[in-house]
Amino acid sequence: MSNAAPILSLRGVTRRFGGLVAVRDVDLDVVPGTIHGLIGPNGAGKSTAFDLVSGVTPVSAGTIRFDGRDVTHLPVHMRVEAGICRTFQTPRLFEAMTVLETVLTGRHRHARCGFLGSMFSLGAKARDEAQQTEVALRLLALVGLDGEADTTVSGLSYGARRKLEIARALATEPRLLLLDEVASGLNPVETEFVAGIIRRLAAEGMTIVLVEHDMRFIMGLCERVTVLNFGARIADGPPVSVTGDEAVIEAYLGRPRTDATPRREARRQHG
Amino acid sequence: MSAAPANAVTPAQSPAQPGRRGRGHRDWIVFAVLMAIAWLLPIWLGGFALYLGCVVAFHAIAALGLQIMVGLAGQLSLGHAAFLGIGAYTTVLLEKNFGLSFPVACLGAVFASALAGLVMAQLVRLSGIYFKIATFGFGIIVHQIISNWVSLTGGTAGVKGVPPISFLGWTATSRLDLFIAEMVALTVVYALLIRLTHGRIGRAFRAIGQNEVAARSIGVPTHRYQIVAITLGCAIAGLGGSFIPHVFRFVSPETFTWHESLLILIMITVGGLGSLAGAVIGAALLVVLPEYLRDFAQYKMLAYGVFLILALVFMPRGIAGVGSSLAERFGRGRRP
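First to last, the sequence lines map onto chains A and B.
Heads up, the first sequence is in the working numbering, so the first residue is 1 and it goes up one at a time.
Heads up, the second sequence is in the working numbering, so the first residue is 1 and it goes up one at a time.
Because the hints were derived from the structure by calculation, they are not lab data.
If you're wondering where the values come from, they're calculated on a predicted model, not measured in any experiment.
One or more of the hints may lead you astray.
Stated by the list, open to error - 25 Å max Cα-Cα, derived SDA-like pairs, lysine to any residue:
| id | chain 1 | residue 1 | chain 2 | residue 2 |
| --- | --- | --- | --- | --- |
| 1 | B | Lys132 | A | Ala141 |
| 2 | B | Lys132 | A | Ala96 |
| 3 | B | Lys300 | B | Leu265 |
Claimed, not checked - A few chain A residues facing chain B, derived, Cβ under 7 Å:
| id | residue |
| --- | --- |
| 4 | Val80 |
| 5 | Arg92 |
| 6 | Ala96 |
| 7 | Thr105 |
| 8 | His108 |
| 9 | Arg109 |
| 10 | Met119 |
| 11 | Thr172 |
Claimed, not checked - Here are a few chain A residues that sit away from chain B, every Cβ distance over 12 Å (derived from the structure):
| id | residue |
| --- | --- |
| 12 | Ser9 |
| 13 | Arg11 |
| 14 | Gly12 |
| 15 | Thr14 |
| 16 | Gly18 |
| 17 | Gly43 |
| 18 | Gly62 |
| 19 | Asp70 |
| 20 | Leu156 |
| 21 | Val189 |
| 22 | Met215 |
| 23 | Gly220 |
| 24 | Val240 |
| 25 | Glu246 |
| 26 | Ala247 |
Backbone N, C-alpha and C fix where the C-beta goes; we use that ideal spot for every residue, glycine too.
Kindly generate the complete structure, drawing on both the sequences and the hints.
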């Protein structure tokens, strides 16, 4: 364990949906400036964990601390202000906007121009807009979409939509970026490109948490990995130690055959 | 990151710039053309056309407000006539009972409908379809109050003897004066709303209308902005409504039934949801067309329905959508 204080820290976090426990008593510490992977088989509770940290879904129990501050009950937009921003498993975009407008919308909390200012101001609004546009274009260049600034979102390819969602999240200037299956649906070239962006952001000091299916993607990027299964944490540590962990292998590949035999006998007795 | 030198982005900026400027500029060109037609055509034709111009103008103002609320921010209102009614009655009662001049009464009307809108906006906490149903209920409640509070509103008999618009010693004696007063209001509201939609607040409205969860995820306080959009839409309806007693020289509850709410919704839909120009064009079309189809007056609502369905099938983005795709095709053809 690194001796730096964790930027994100979950303690006993639980989320129930009726009788189903989607996330069960999870503890998690994310070290600032690292790329942290959150993996597990389908239905392990990874995306729900993201919803809890970003505030889309309220927790049933437990606490979430960000940068030493309790954010467990903050609404989503206040968490964005605190410095947490996320993307979605399926990109959620503003279909009728242009690519540039989308990123400008992400500048909402940093732009100054208010309600009356939008309508009546002469110089200040133009200056503010020019400044935000400059930031937005720089972010579009970072994700390789600067040539598409005036394209309408509904006409973008799947890969471009993923990149745009990253640029929009970056526009909020997060300190903790949560990326939900950011490589799924991308071709190998795009995947490598996105991995490059993630490395670059981490090198600049941003903390990144990845939820991912693609094990190779995770292992190549993350310094630390947390494994969930049936909502509970079953392993935590550097990628190498986690892939050798018996509980993890079992969660992904099932039990060895010797375990299955008594179960079959039990079934036979019933029938 | 924001400390990086500005010239780092100049190469990326130059190719993208012209198209973007075109988009913002195009709204203002359309504004200039539409307002020139709206100002000059009724004055040039005179007579009945001028009267129709007066009816179009207050509908266009109300439709612009509803466009912000429904077309941009996605907060469907099925009772918008209530706010026209609150505006109309507040204006005429302040003028008749308190002898206030039109601008002051009009300000009172905007304030009253904004306040009523703010009350209704608290219902956004009802998610999904429940808010829409609540707006319908709100429309019915206001219509019932206007119809039954006889001592204040005169009940179903309405209010007669509306004094002419007067402003700092100037009195609108002719229909032309009234038309000019309305057109000044329409032009100012239209211009201010274009500016609003081009900025940060307008983008937040559109973000909520297009994907509320995504808008929240990037830090837009969605509930607050929904309330602002609804209140704004209702306040502008109040402004439009304050001209109604002057146009008809009479005001009665029958003007503010759900038919009227539906009519304004059809206006912004046929004109093109999300487009301010579309709201103005839709208002003109749905006021003027029925007047030239008078022989079929009993089929008016049927005609509206057929018109709406045809518009949605053949131009889902409305008249404004057809216009902008034509403009894009034309613009692309010209580029080398």
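Status of the hints after comparison with the structure:
Restraint check: the Cα-Cα separation between Lys132 of chain B and Ala141 of chain A comes to about 41 Å, which exceeds 25 Å; the hinted pair is violated. With a CA separation close to 23 Å, the supplied pair Lys132 of chain B and Ala96 of chain A stays within the 25 Å bound. Straight-line distance between C-alpha atoms of Lys300 of chain B and Leu265 of chain B comes to about 16 Å, which keeps the hinted pair within the 25 Å bound. A hinted interface residue such as Val80 of chain A counts as satisfied when its beta carbon comes closer than 7 Å to some beta carbon of chain B; here the least separation is about 3 Å, so the hint holds.
Checking Arg92 of chain A against chain B by beta carbon gives a least distance of about 4 Å; that is within 7 Å, so the hint holds. With 7 Å as the threshold, the beta carbon of Ala96 of chain A comes within range of chain B, its nearest partner Cβ sitting at about 6 Å, so the hint holds. Using the Cβ-Cβ criterion of 7 Å, the hint placing Thr105 of chain A at the interface with chain B is satisfied: the shortest such distance is roughly 5 Å. With its C-beta approaching chain B no nearer than about 5 Å, His108 of chain A sits inside the 7 Å limit, and its interface hint holds.
For Arg109 of chain A, the shortest C-beta to C-beta distance to chain B is roughly 4 Å, which falls under 7 Å, so the interface hint holds. Residue-level restraint check for Met119 of chain A holds (minimum Cβ-Cβ distance to chain B is 5 Å; threshold 7 Å). About 5 Å separates the beta-carbon of Thr172 of chain A from the nearest beta-carbon of chain B, less than 7 Å, and the hint is met. In this structure Ser9 of chain A is separated from chain B by more than 12 Å, as the shortest Cβ-Cβ distance comes to about 21 Å.
Consistency note on Arg11 of chain A: stated as away from chain B, and its beta-carbon is indeed over 12 Å from all of that chain's, at 24 Å minimum. Annotated as non-interface, Gly12 of chain A keeps its C-beta farther than 12 Å from every C-beta of chain B; the closest such distance is 25 Å. Listed as outside the interface, Thr14 of chain A is consistent with that label: its C-beta sits roughly 23 Å from the nearest C-beta of chain B, beyond the 12 Å cut-off. Every beta carbon of chain B lies more than 12 Å from that of Gly18 of chain A, the smallest distance being close to 19 Å; the non-interface claim holds.
With a least beta-carbon separation of about 21 Å from chain B, Gly43 of chain A lies farther than 12 Å from that chain, consistent with its non-interface assignment. At roughly 22 Å, the least C-beta separation between Gly62 of chain A and chain B is larger than 12 Å, which holds for a residue marked as non-interface. Distance check for Asp70 of chain A against chain B: the nearest CB is about 19 Å away, which clears 12 Å, and the non-interface claim stands. Every Cβ of chain B is farther than 12 Å from the Cβ of Leu156 of chain A; the closest lies at roughly 14 Å, confirming the non-interface assignment.
For Val189 of chain A, the non-interface assignment is confirmed: its Cβ lies about 21 Å from the closest Cβ of chain B, beyond the 12 Å cut-off. With 12 Å as the threshold on Cβ separation, the claim that Met215 of chain A sits away from chain B holds: the shortest Cβ distance comes to roughly 27 Å. The Cβ of Gly220 of chain A sits about 24 Å from the closest Cβ of chain B, beyond the 12 Å cut-off, so the non-interface label holds. Every C-beta of chain B lies more than 12 Å from that of Val240 of chain A, the closest at about 32 Å, which supports listing it as non-interface.
Its beta-carbon lying about 37 Å from the closest one in chain B, Glu246 of chain A satisfies the requirement of being farther than 12 Å from that chain. Residue-level check passed: Ala247 of chain A sits 33 Å from the nearest beta carbon of chain B, beyond 12 Å.
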